[in-house]
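Peer 1: Chain residues, written in single-letter form:
6 protein chains.
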Amino acid sequence: MSERKTPPVEPVSGTIMPRYAGPSTYCRLPELRDVPYCDVAILGIPFDSGTSYRPGARFGPQAIRQASRHLRYNFHPAYSTEPYRAFQVADAGDVPCNPFSIDEAIEQIESAASNLLEDIETLVSIGGDHTIAVPLLRAMHRRHGPVALVHFDAHLDTWDTYFGAPYTHGTPFRRAAEEGLFDDQHSMHVGIRGPLYSSEDLQQDEELGFKVIHCDELNEMGPDHVARRIRERVGDVPLYLSIDIDVLDPAHAPGTGTPEIAGLSSRELVNILRGLKGLKIVGADMVEVAPAYDHAEITALAAATIVFELINLILCGRR
Amino acid sequence: MSERKTPPVEPVSGTIMPRYAGPSTYCRLPELRDVPYCDVAILGIPFDSGTSYRPGARFGPQAIRQASRHLRYNFHPAYSTEPYRAFQVADAGDVPCNPFSIDEAIEQIESAASNLLEDIETLVSIGGDHTIAVPLLRAMHRRHGPVALVHFDAHLDTWDTYFGAPYTHGTPFRRAAEEGLFDDQHSMHVGIRGPLYSSEDLQQDEELGFKVIHCDELNEMGPDHVARRIRERVGDVPLYLSIDIDVLDPAHAPGTGTPEIAGLSSRELVNILRGLKGLKIVGADMVEVAPAYDHAEITALAAATIVFELINLILCGRR
Amino acid sequence: MSERKTPPVEPVSGTIMPRYAGPSTYCRLPELRDVPYCDVAILGIPFDSGTSYRPGARFGPQAIRQASRHLRYNFHPAYSTEPYRAFQVADAGDVPCNPFSIDEAIEQIESAASNLLEDIETLVSIGGDHTIAVPLLRAMHRRHGPVALVHFDAHLDTWDTYFGAPYTHGTPFRRAAEEGLFDDQHSMHVGIRGPLYSSEDLQQDEELGFKVIHCDELNEMGPDHVARRIRERVGDVPLYLSIDIDVLDPAHAPGTGTPEIAGLSSRELVNILRGLKGLKIVGADMVEVAPAYDHAEITALAAATIVFELINLILCGRR
Amino acid sequence: MSERKTPPVEPVSGTIMPRYAGPSTYCRLPELRDVPYCDVAILGIPFDSGTSYRPGARFGPQAIRQASRHLRYNFHPAYSTEPYRAFQVADAGDVPCNPFSIDEAIEQIESAASNLLEDIETLVSIGGDHTIAVPLLRAMHRRHGPVALVHFDAHLDTWDTYFGAPYTHGTPFRRAAEEGLFDDQHSMHVGIRGPLYSSEDLQQDEELGFKVIHCDELNEMGPDHVARRIRERVGDVPLYLSIDIDVLDPAHAPGTGTPEIAGLSSRELVNILRGLKGLKIVGADMVEVAPAYDHAEITALAAATIVFELINLILCGRR
Amino acid sequence: MSERKTPPVEPVSGTIMPRYAGPSTYCRLPELRDVPYCDVAILGIPFDSGTSYRPGARFGPQAIRQASRHLRYNFHPAYSTEPYRAFQVADAGDVPCNPFSIDEAIEQIESAASNLLEDIETLVSIGGDHTIAVPLLRAMHRRHGPVALVHFDAHLDTWDTYFGAPYTHGTPFRRAAEEGLFDDQHSMHVGIRGPLYSSEDLQQDEELGFKVIHCDELNEMGPDHVARRIRERVGDVPLYLSIDIDVLDPAHAPGTGTPEIAGLSSRELVNILRGLKGLKIVGADMVEVAPAYDHAEITALAAATIVFELINLILCGRR
Amino acid sequence: MSERKTPPVEPVSGTIMPRYAGPSTYCRLPELRDVPYCDVAILGIPFDSGTSYRPGARFGPQAIRQASRHLRYNFHPAYSTEPYRAFQVADAGDVPCNPFSIDEAIEQIESAASNLLEDIETLVSIGGDHTIAVPLLRAMHRRHGPVALVHFDAHLDTWDTYFGAPYTHGTPFRRAAEEGLFDDQHSMHVGIRGPLYSSEDLQQDEELGFKVIHCDELNEMGPDHVARRIRERVGDVPLYLSIDIDVLDPAHAPGTGTPEIAGLSSRELVNILRGLKGLKIVGADMVEVAPAYDHAEITALAAATIVFELINLILCGRR
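Protein chains in written order, with our numbering: chain A, 149 to 467; chain B, 149 to 467; chain C, 149 to 467; chain D, 149 to 467; chain E, 149 to 467; chain F, 149 to 467.
It should be emphasised that the hints constitute simulated quantities derived from the structure, not laboratory data. Any given hint could turn out to be false.
Each pair may be met inside one copy or between any two copies, as identical chains are not told apart.
In silico SDA-like links for lysine to any residue, alpha-carbon gap of 25 Å or less [said to hold, decoys possible]: (1) Lys-425 to Arg-291; (2) Lys-153 to Leu-344; (3) Lys-425 to Glu-365; (4) Lys-425 to Tyr-345; (5) Lys-425 to His-362; (6) Lys-428 to Val-160; (7) Lys-425 to Gly-312; (8) Lys-359 to Arg-181; (9) Lys-153 to Gln-256.
Excised from the complex, chain A in its bound form (with noise of 0.2 Å):
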C-alpha cells in the first residue's frame, strides 16, 4: 500500500448512480485494489459449515452488501462524522473459504485476514457463521495482542464442543478463550437469553472471564446504562466487537440460523453501540446472517446498518 497523498476514495456516489445500480460492494465502496490506502477493510466470510440448525449464512456476505445500497452514509448525526471523506473504507471481497473442511477454512480464514491486517489496522469480518470468530480473533492478536472481546449474542458460544468437533458456530469463545486470544478482564456478553444446553454453562463461562449482561437486564437498564457498564469493562484496551444478528429479536432479524425470541429490538441494539463512542475498536464481526430465511431483507438491512455505525464508531474512536 502507498502513501495516503490523496483523500479517501469514496463510495459511488447516489445522485449519480441510483442506489439499486451500480457495484456490489458494501456500499459501493471501492473494492481493496482499487485504493492506494486503506483504514477499514471490510472482508466478506462466506462460510457456514460450523452451524448447528438453520445453514444459509454462507449467502451472508452477499446480502449484506446488497442491503447496503439501502445506506444514505455521507454523514452521521449520531457521530457527526463524514466516514468515508475522513477515512479510507474499502471492500476486500470474500475469502474463498472450503466448505467441506471447517479446518481448513480457519486457516484460509486466519491467513486471509492476517494478510490484511499487516498493512491495514482495522477490520469488519461481515459473515458467515460464528465459527468465523476464531481465526479472525488469531489474526486479531497477532496484529494488536489480546484484546477485549464484547460479544453481541443471544448465545454464549461457549461451549466444549458439539458433536466433537471443537470449531463450531457454539464453541469460537471458549476456543479463544483457551488461547489466549482475548483479554479476560475486559470482555463481556451482551444479550444473552433462554435456555440452555446445561446449567454449568454460565459458571464455566464465568471461569473464561467473561461478565455477561442478560437481555432481560435491558428491561431496567436502558442502552445507555449498558454501553455505560460495556465502557467501564473495556477501559482503554483495545476493543474487538462480535456482533451475532441474533441478539436482536426475531421480528427485527427473523433471517438467522437460531433465532430466540424475546431479545434486543435494533433501536435498542443502536443505542447501546452509539453509547461505545470513544472506545478504540480495532476489529469486529457482523455474523449469522441467514438470507434464505430473511424477508423484505430487513435482517441483512439491519446488519448493514449495523456494519456502518461500527465504521463511524472505529473513527470516532481513532480521533
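Dock chains B, C, D, E and F against the given chain A, drawing on the hints supplied.
Peer 2: Just chains B, C, D, E and F now, with coordinates in the frame of chain A:
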C-alpha cells in the same frame, strides 16, 4: 399409569441427534405411550373451524412442535430449573377433531382432555383456534373445580354469538362464564387492545367477572408490575392460563388469524410470565398459531418458547 | 352533496357479511357516490413514480383497503367514539394517476383533491409514495389556508432535487415550504433517524421551519411526552398529518420502499397519535406502503389501523 | 332489470385509470346494481368451511378479482370476441356465507344464486371451496333443468361423506347425482389423477354417471383431442363447467388446498377450454383458490384468466 | 423382527384423524418399532454438509414427511395396488448424522442402513443431500451385491473431488463406481442437462459405465419411450433408484440446492416411473429437498408423492 | 481497447472460490475495465419507470447476476463450446439511468450502449423493463445498420402510446419501427398470447413488418419447428434478440411485471434458442425480471441461464 419408580424419560439429546432431526414431538419429548407416568401432557388440538378471519390454526400444533426443535431446554436460568429432569413431560399427540362440526369437535376435545386428566394433573394444549378453550375448561373444571382464568389476548373473546354460532373463537369465555367454569373473582384478561365491535363489549365483559389489563397500560407499568397485578388477582387459586398468540404484536407473531397492531413484544410477554413464578398452574393453552401466515417460523417459535416457559412455571408452582 | 337529513351510512356489518368478504372499500364503508353528504373522504392515490429505491407503493391503496377488513371499527375505547355513526366517512376511490409523468400525476392529484374538498372538509389519502404530499397540500391550502404540518417519517423528505427532479418522494416538503403551503411556525418532523445524504440536511430543514423529534428521543420521552410536544408546536392551527409508514421499524412495516432500522414500534406510534386528541385535523396522508415487500399483511394492517386512528382523531377534533 | 336499450356498460378503461387501481370488481366491470340489464353475473362465494386440508379459499374471490386487474380484456383473438362490448357482464358481489354452518351457507348460496338466475341467464361463480357446487347446481337446475356437468379437477369429489358430513368439498357431485341435478348421460370429469381413498372410488363414480378423462391421458391425446371428447359427451345439452384450480399442476397453481402433482399446465387447460367453443354454457364455477399459499398471484391470475376464457366461451355459445 | 402372522399395520386413517394432524411419520405410517415385521423402511437422512451451493436439505426428511400428509394412499389406480395393505411399510426415523464431519456422517449412514437391511429387504431413504448415496449404496451392496443404478438428476454427480473433498453431493457416483457398488453394465443417468464444469465430464462419466438420457431427449421420446430404454438397460438386475429432486424443473421443485432450468415436469417424471413397473427395486433415495427455498410445499409434495410411487413400484416388482 | 495478445480472462473459478461467493459480476466474469479487449459485454440497465403494472425490474440486473452464480459455465454440451475460453466476455456494469425521467434515461442508455459498441461488437443487456429496447436498438443500428429483430414475449409491445407516453414498456417496437431501426422483412414475435387491448393490435403489428408465432402454435410445432421458422425469417441478416422473461409461463417466471398464463416452459424456450445455432447474433436483451415477485430465484435463474445460452449462440454465430 404405573408407579413412579424411575426418573423421567427425557427428550432425545441434541448431542446425539441434531435438533433439526429426530422425533416430531414437542421438544422431542417422549410420546405419552412411552412413559410409565406423566406430570404434564402436551396435547395438540388441530382445529380451526371456529375462526372468523384467516383460518389455518389447524396446522398450529405441528408448527409449534417443529419450532420447538430450536429450543435448548436442559436448564432454564430464569427459574433455575431443569424441567425435563424434574418431572415427566410427554407429548400426548393430537385430538382427532371433526373439521365439519364444531359441536362434535368440542365433544372430542372435552373427552380427550378429560381422559388425560384422569391420570395426569396438568395439561398444556397447543391449538388450534380459541374455540377449544371451552371444552378444555370443562375438562379442567371436572378435575380441578373452578379455576382462576388468566387470558392473554388482543381480544376479549367474550362475544355472545357470531353468525348465530355460540361456539366460535370469539365467544369461548362467555360460554365458560355461563357454565361457571372459572372463578370470576380471580380472573382477568391481559393485553386487550384495539377497537371493539360495540361500546358494550367492555361492560358486558366486566359483568362476566373479568378484570382487564389493557395493552397500553404496559407502557407505564412494565412487565413486573403487570405480573404483580396478575398474582394479586389470582391469589392461591389454581390457575388456568389461556394464551392467544395474537397478544403479541404482528411484528412478533404475524402467523395468526386476527392480528392486531400495537401489541406486546415477545420480551414483554416472557417477562410477565416469569413474574408469575409461584402461582399454581394446572392447565394452559397456546392458541391461534396459523403457520400459513408465518415466516421463518417466528410465530411458531414464539409459541413453542412460551409453552416451555409454561412448563417451567408449572414446575415452580409445584415445588 | 345534499342536506344532512339522514344518519350516516355505515360500513357493511361484519355480522351479516363476514369481514373477509363484501366490498373492497376502506373498512367496507360506502362509496362516496352512495352517500348524500360526507365528512371525511378516504382517497386512494396509486402512484409510485417518485420512488428512489424499492417501487410498488402504487399497490398501496388496494392493500390498505384489503387489510382494513381486519378492523373491528364500531367503537374505539381510546377515544370513546363510534366514528361511523358519528359522522359520514366514505371511500372516494382512486385518483387516476399517470405513471409515466410525475408532473401530470401531480396535477391529477391536486385536481381530484381540490374537487373533493369543495364539498368535503376533511380528506385522508392513502398512497402512493410521498411525492403525493405536494398536490395534497396544495389542495388543502386552497381550502384551509396554511396548515400546521406534522410529518411522521424516518426521513426528512426536504431534499432539493433528486436526479434533477424537483418532485420525488424525497423532496415534497421543500416544495411545500417554497410554496408556503404550511405554517412554518407550527410544523415538525417526528421519527427522523439514520444517516443523511449531507451534514447540511438538518440545517436546511430547520431553515424551512421544521422542528424535529428524532426517533432516538423516544427512548427517553415516551409517547405521551412526544404527543405533548407536538400539541405545543401545533397549537390550535388546523393540522395536516403526513405519515410515512417507514416511521415504523422494519419489523413492524417491512413492506415499504426505503426502510430504516431502529424505528418506532406500532404501539409507540399509535400512542403518540392518541395523545393528539383535540387537535383539529383537516387532512392526512398515509404513504409508502409497498405490498410486494410486505408479508402476512402486517404493514398494510398497520397503515389501515393508523388511518382508523386518524378518523377517530378527526372526529375528536371536531367535537 | 329493465329493457336492453343501451349498449353494455364496459369495464373501467385501462387507458384512463391504470389497471392496478380503480374498482375491485372482476375485471373492473360494473357492479350489478349499476347496469340496467345483465347477461352474465360474476358471483363471489367466500366460503371454505368444507375444506379437508389447507383452508383459505374464503379469500379466493377477492384474490381472483385482484388478479383480474392484470387482464387485457378488450379483444380475445382465440375467439375473435370483444366480450364486454358484446353483452353485459357485471360483478354481483359476494354471497354472505355463514362460516360456522355448512348447512346455512349452502342455503345462502342457493338462495342468492336462484335470485340472480331469475333475471340473469348465466352465472359464473368464483369460490370458495368445492362444497359450493351443490347449491349452485340446485339453482342452475331450477332455471335450466338438468345440465351437462363437465368437471375439471384432480379429484373426483364424489365421496359419500367425510367425517360424517354429507356436504364438504369432497362430496358435492355425489350429492348432485343423488338429487338428479345434472344429466348423467352427458357429464364427465377431466384431469383426475393421483392415488385414491379406495379402489371403489372410480367404480362408484362411474355408477353416478361420470366418464373420466384422466390427467395422464393428456400425454397422448393433447388438448384438442380432449376437447373433442368433451364436446362429444356434452352434445347440445346446456353445460355447467365446474373448475377446481387444482386441476392445474402445483407449479401453475400452488395456492390451493389439496394440491396434487403431475397435473395440467395452464396452457393445456386453456387450450382444452378453447376447444369447447360452441357449447352452450349456462353456468360455471372456479373454485379452490387459497391465496395464503399463492405467490406472485400466479394461482389467482390463472383463475382470473380462466374465468375470462369462460366469459368468451359463454358468448360464443350464444351466437 | 418376528414372524409375519398378522396383516400389515396400516397408516392412521384419514377418516378418523384429519390428514393435517396425527403422527409425523411418512404417510402417517407406523414407526418401525411398532411393527412385528417390515418390508420397506422409510429412512430419514438429515444431512447436508456435502452441499456446494444452497444448503438446507438437512430439513428435507421432516418436510417430505409433513408433505406426505397430503397423500391419499389407499389405492393407486396406476398400479392397481393397495400398498399399505399388501406389505408392511414403516418409518424408521432419522439417522443421527454429524453435521461437522462428512466422514463420520457417512459411517453413521452406512451403519444405520446396514443394520436395517439385515432384517428389511428394501430401504427408501429421504434426504439429505446426494452425498448420502455412497453409504447407502455400500449398505445396499452388502445386502444385494452390485445393483443396477438408475439416477434421475440434472447433474451427473460423478466429479472427482470438490475443494479437495472426495465425498460431496457432486461426487457420489464416482466413488460408488470406484468401489464397484453398482453394476456398470446396467446403470444410467436420466434427466441430465445444462452446462458442465468441463468438456471431459461426459466422457469420464461414460468411462464409469453410465449411459445418459439427457433431459432434452424427453422432447422427442416421451415418458413411455424413456421408461422402455431404462427397462432395457436395467434388465432383471436388482435396481437402486437415486432421485435428485432437481431432475424436476425449478417450476416444479424450487426448493432445492442447485436448481437447473429446462427440466422435467412432475408429470413426466411420474409417468417415466410408472413405466418401470415390473423392475425389481431393492432400494431408492429421494434427495436434495431444501425446504427453506420451497413454497406452498410444492417441492416437498413432489418428493413425497414420488416416494409413494416408489413404494408402489417396489410392490409391483415383488409380485 | 488494446490488442488481443492474451487469452481471454476467465471467470473466477468455482474450484477456488465457492460459487456463492466472490465477485458479483455476471457469471463472476471480469469487469470490463479488467480486460484488454472484449468480444461480448454484459450491460446492466436498472430502469423500470416504463412499467405499466408491477414495477421492480430496476432490481433485475443485480438479481440476474446473483442467480448467474448457479451456473456451471465451462462447457456447454448443446453447442460443444467453452465460451469463456473462446472469446472475451466481460461485465460492463450498470448504466446510470434517471428513474424520474424516461427521456433522460433513454438518452443515457443509448449513449452508454453506443460508447461500448465502438469497441465491442456484441452487447447483451440485462434489464430493466422493455422500454430499454429502443435506445439499445438505436445504438445497435448505429453500429450494425438495420438488424433482424426476433422478439420473445407474451405481448406485442407495439402499442402506440400509453397514458400519452410514447416510450414505455408496451411501445418500444412501434418506436423502433418508426425509426427504421430493424429490418422489417426479417423480424418476428415469438410466444405472443392472451387477450389484447384491441382487435386492431395484431393488424397494426403486422403493418409494422412483424410476423408472429403465437404461443399456442407451440402445441403442434415443437421447439425445433419454431426454431426453423425463425431461422427462415432471419436468414443471414445480423440478428438482435429481445427476450422478455414473461414469454415464459408464470410457473417458470413468476418474478415479472405483467405475467400471462399459458406460456412457454423454460425447456421449450431453451430448445428454441438452441435451434438458432448459426444465426449471427449481434445484440440481445433479457428484460422484465422483477425480483420482488420472484421466489427461490427461479425467474432470475431462468434469465441468467438464457443469457448464457445467448453467449454460446453468439459464439457459434461467429465461427
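Peer 1: Are any of the numbered hints broken by this structure? If so, which, sorted upward?
Peer 2: 2, 6, 7, 8, 9
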